[in-house]
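Participant: Listed here are the chains, written in short residue letters.
2 protein chains.
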Amino acid sequence: MTAPLQSTLAKTRTASVALALLDPKVIDATLLKLADASINDAEKILEANRSDLERMDQTDLNYDRLQLTLERIKGIARDVRAVAALPSPLGLILEERTLANGLHLQKMSVPLGVIGMIYEARPNVTVDAFTLCFKAGNCCVLKGGSDARHSNEALVAIIRRVLKEQNLDPAIVTLLPPDRSSVEAMLTAHGLIDVLIPRGSQSLIDFVRERAQIPIIETGAGIVHTYVDESADAAKASAIIFNEKTRRPSVCNAIDTLLIHSTRLADLPAMLEPLEEADVELFADEASFATLEGHYDASLLHRAKPEHFGTEYLSLKMSIKTVENLEEALAHIARYSSKHSEAIVAEDQNICEEFLRRVDAAAVYANASTSFTDGAQFGLGAEIGISTQKLHARGPMGLKELTSEKWIVRGNGQVRE
Amino acid sequence: MTAPLQSTLAKTRTASVALALLDPKVIDATLLKLADASINDAEKILEANRSDLERMDQTDLNYDRLQLTLERIKGIARDVRAVAALPSPLGLILEERTLANGLHLQKMSVPLGVIGMIYEARPNVTVDAFTLCFKAGNCCVLKGGSDARHSNEALVAIIRRVLKEQNLDPAIVTLLPPDRSSVEAMLTAHGLIDVLIPRGSQSLIDFVRERAQIPIIETGAGIVHTYVDESADAAKASAIIFNEKTRRPSVCNAIDTLLIHSTRLADLPAMLEPLEEADVELFADEASFATLEGHYDASLLHRAKPEHFGTEYLSLKMSIKTVENLEEALAHIARYSSKHSEAIVAEDQNICEEFLRRVDAAAVYANASTSFTDGAQFGLGAEIGISTQKLHARGPMGLKELTSEKWIVRGNGQVRE
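In order, the protein sequence lines correspond to chains A and B.
Heads up: the first sequence is residues 13 to 429, going by this note's numbering.
Heads up: the second sequence is residues 13 to 429, going by this note's numbering.
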């Protein structure tokens, strides 16, 4: 790590000590000031955003994700206010007991300390990440994408100005330059960053996992299945699959593979009609291809190759695999799932319960759309990402997942025998 | 990773799928059989242990840690029975809610999957680690020290035989050869091992942290301080320090540095008299050295050098630093603590609360011995280690810390707007 980066991260570490002791009311008041400031300074933000947009081809898929508008800035401000209004996750007594010797123990929620985030295109993640980390008493070190460089700089400048105006240390948030040396510094920041959260493509996440020497939380990648059982209600299945695929095809909870019980192949053409109208491309195995041929737009219907299973499409594409029974469906899911969200559609409650019990994933659904895998939907208030690992956090990560804990022990001279 | 190691770890991964669904009653019954078997086969275990002991110099500090006796084997069996008697940490509903649209959500505790353990001398850790992992529905991959090779092989052979007798997959536990290639395989076992727990020296833990490409939980290293405040009761301070240093000097919760308020220097000779009787070596800063000189055995009293602070002694040694006030004590702790256990001795309750609030460590004590940092003492039933990191688990790790969770969502056709 270069000396300037070391010094920058050391300042954030120092800021985290004071921040951990700050009254949650000051945190909430600061967030409200930030919401106001981002609207007052909207023109500055938009100007910076325009200079980012000028460098990007308008046909680039990321153009829309990068673009800010006054409406979007108002949306950011609204989200900041919503987080300010949530209860603080800090200082909660998670366990409490008094031992026979009179020792009084409390396990209390405390901030994690310094959270590192490495992310890509969308500049609203910058405010989002700061807001959630700060609400949970944490400093954050951010490394956004180079496409959004000016937008991110403008947003962090506003956050730091608001922090200073509230007499808080601006080092509570640090934006690192979007280059390789920043990433390398974060990956090796033992003692300076407590946890690193990569958000973005699978290749970014793999890169971070393979090289990080500090704890990380993997987020994102969702290879999502829905199994339509022999006992399924065809209308429910059709509505659920349509919702899972088309609501927001670019997000991680969208369906990638439909598993269909062989006795229900005949229902496929009607079941997938809404997908055809939405121009969804299908990669169908032999049996489902034979059933769909002549019923589904030929230009959208392809024969599945092995690589079409275990792929996260993030677009209007879906593969179909025919299975003979629940066991085959479970085996396919165990092999290809990224353990994010998995669903079954079945009227047979025993089959549903067996599926819910046996599928190993962050969220397992019976007769509902995987689109619900989302912190706000789950009642967590907000989310910083969806963890696909089993340690510390699994599924949508809210404020609670941005805290740690400590044991507080009060005695009057007790010693251990 | 070599092909045979890959194949071995794949078998454990497969075993974990079935184990996750096993009735907790079968787990408990199997543990009771294991307790019986380890006593019935005590002679085999002792024989294997003797062949390990023959290779070690009797003057080696690890000789005693390696040695098994019939009494120690009975102790191991007793511990296994105690874990069997604990409530299962699996299938607990941690959160539950019904959304306005009728969706019913449950967050349920589930096994982590496969837990890797890398540890050193003591063979009882082998049974201990298996017992706790298995109770929480996890498979385990163990890599013990080469000193304990035969002892560990004998113990794992008994565990695997008991598993087979119960019609369970013996791959639930795997002992890897104590060599470098095993460690390398574990460090890169993405998708095969869900979490790796190193237990042992700081150098082992550093090695694992720097190279692991899978999640780890750091355990152990405790650089522990106790601050004796101006308002301290001298008798309480004396008893607490004596307990912290001499109860078990080789464990991580033992005190390393005494911080003494300058106004209480005059109490030091009497306060440390019990330590002198226990032959504790002191590394005292200038002010405390001057006070102790002539009162404390000169052969045990040394002047502190900078390296005596921030050292985990794991033996009958302790450093002493004089501070002018609470702030100085807090600053010293923030600089040198490994965030394991920290204590204050003070009658002034405001000072105690300030200390408890501001010290960032897994366990923070007022007027009690840090020796209590231990899973059984904290009422967790048993512990697999003491986490010094902030993610997933902090402080003593019991059965709950060996689980993950999943969201189970039951609907009747709900889709997201």
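FYI, nobody ran anything at the bench for these hints, they're computed from the structure.
Take these hints with a grain of salt, some might be off.
For chains that are exact copies, the list does not tell them apart, and a pair is met inside one copy or across any two.
To be verified - Derived lysine-lysine pairs resembling DSSO-like cross-links, with alpha carbons at most 30 angstroms apart: (1) K119 with K412; (2) K412 with K317; (3) K86 with K176; (4) K86 with K119; (5) K317 with K23; (6) K412 with K23.
Note that the structure is predicted; figures quoted are calculated from it, not measured.
Participant: Go through the copies and call it for K119 and K412: within, between, both or neither, with a Cα cutoff of 30 angstroms.
Facilitator: Both ways: K119 and K412 sit 14 angstroms apart in one copy and 14 angstroms across, limit 30 angstroms.
Participant: Which holds for K412 with K317 at a C-alpha limit of 30 angstroms: within a copy, between copies, both or neither?
Facilitator: neither (42 angstroms within a copy, 43 angstroms between copies)
Participant: My question is about K412 and K23: at a cut-off of 30 angstroms on alpha-carbon distance, are they close within one copy, between copies, both, or neither?
Facilitator: This pair counts as within: shortest intra-copy Cα distance 25 angstroms, inter-copy 35 angstroms.
Participant: Between copies, within a copy, both or neither: which fits K86 and K119 at Cα up to 30 angstroms?
Facilitator: neither (39 angstroms within a copy, 34 angstroms between copies)
Participant: Quick one: K86 to K176, C-alpha cut-off 30 angstroms, is that within a copy, between copies, both, or neither?
Facilitator: within (23 angstroms within a copy, 63 angstroms between copies)
Participant: Within a copy, between copies, both or neither: which one fits K317 and K23 at a CA-CA cutoff of 30 angstroms?
Facilitator: Classified as between: cross-chain Cα gap 28 angstroms, same-chain 52 angstroms, threshold 30 angstroms.
When the structure is compared with the earlier hints, violations turn up for hints 2, 4 and for no others.
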